[in-house]
Amino acid sequence: MTHILHRQIRQDYPRAATARGLYIHDKDGKAYLDASGGAAVSCLGHGHPDVVAAMHAQIDTLAYAHTSFFTTDAAEELADDLIAHAPAGMSHVYLVSGGSEAIEASLKLARQYFVEKGQPQRRHFIARRQSYHGNTLGALAVGGNEWRRKQFQPLLIETHHVSPCYEYRGRRDDETAEQYGQRLADELDAQIRTLGPDTVIAFVAETVVGATSGAVPPVPGYFRKVREVCDRHGVLLILDEVMSGMGRTGTLHACQQEGIAPDLMTIAKGLGGGYAAIGAVLVGGKIMDAISAGSGLFQHGHTYIGHPVSCAAALAVQRVIRRDKLLDNVVRQGDLLQRRLRERFGNHHHVGDIRGRGLFQGIELVEDRGEKKPFDPAVKLNARIKAEAMARGLLVYPMGGTIDGARGDHVLLAPPFIVQPQDIETIVERLGGAIDAAIAGVRG
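Counting in this note's numbering, the sequence shown runs from 92 upward without gaps.
Calculated directly from the structure, the hints in this document are not laboratory data. Some hints here could point you the wrong way.
Stated by the list, open to error - Think about it this way: if two alpha-carbon atoms lie no more than 30 angstroms apart in a straight line, the pair counts; the simulated DSS-like pairs of lysine-lysine are: (1) 199 with 241; (2) 471 with 118; (3) 241 with 463; (4) 416 with 241; (5) 208 with 377.
Predicted model only: the values in this text are computed from it and were never measured.
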């Protein structure tokens, strides 16, 4: 019997006991190749000695100091490091405990920015359908996954949603990728005009969509057009790189590949690599200038923000990534992973799309490939794939509701940056067996 309120109450979970490198071992000694990094978290794998040593050193020196009384070397050094490698225009960092907290902070910062500027009438946030920005109420409100939102809808602030950049299902046969991106930017422009440009605070988007749709990259030029729309109306652009950022797509920040910089950006999972709970908001200089010239305080805070041990862990993770040139490995192994996925599943009758960037890859499953028809949600194909993968000693991140929160299934892959070619082969082999077995079970 357990006294933990687990995510799935009726499920018996194996008990993780030890972990090293790409593998987690349970209490029975079974090894699992962690091909999703948990939820795209474990960028360095498990038990990296440099990170463990940094955490030990920090605990021995100072484990905790509340940020209303003190700053710390660990927090200051991490902030300096993040801004030194941040997108253009970023000047400050707000350190939190995870992705949902980062989104909450960015929403409040964006609102406070306009209040400080004398524009308190700005109250609307626009995001995209089939997005995920976290599970706290503000983050859930801007998120666009209807399944997650439905039962909590009466508690959520009013937000507005436009179409996602989801080329596999959204681009028409009669338009190019460029035209598709322009159509989506025009839709955002129209939504801002409908609400009234002087009432909109920000547009919130994942640079590469993660959990809800499975590593969906934007079409070329889409975010440049979005940036232009936001600038035209004085609307802030908030990019959510909690899952896709900090090297996951092959550059430190995914937006680097789009040629733009946001006004606010959230990061988390790959920031600390799972060694400690940490997230952050990268804050644009113009936002800091407005608050500095006005009230001089950010009306927000949590007990564990800027936690010294978490900051020490995150700084060690980032230094290892640079020292060991792991972003180069993300690009190399990401190319190999996508190639091997296409070789294994490119002609698979039940694989509709293979997509992603770097070590952030997704496979969308369909019942009929020609019609892009999804499986009946009642068969819970994604759960079957997860179970079959775990039985084969493989951890992947399958999800349902890919299309609209109810229909569709996909598998997300996000192995650690230290993955090697032989690991890629094992991942693809075991995943292939898991998908085939799960579909065979559905077919009965």
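Do the hints match the structure? See the list:
no.	hint	in the structure
1	199 with 241	holds (23 angstroms)
2	471 with 118	holds (28 angstroms)
3	241 with 463	holds (26 angstroms)
4	416 with 241	violated (43 angstroms)
5	208 with 377	holds (11 angstroms)
Against the hints set out earlier in the document, a violation occurs for number 4 only.
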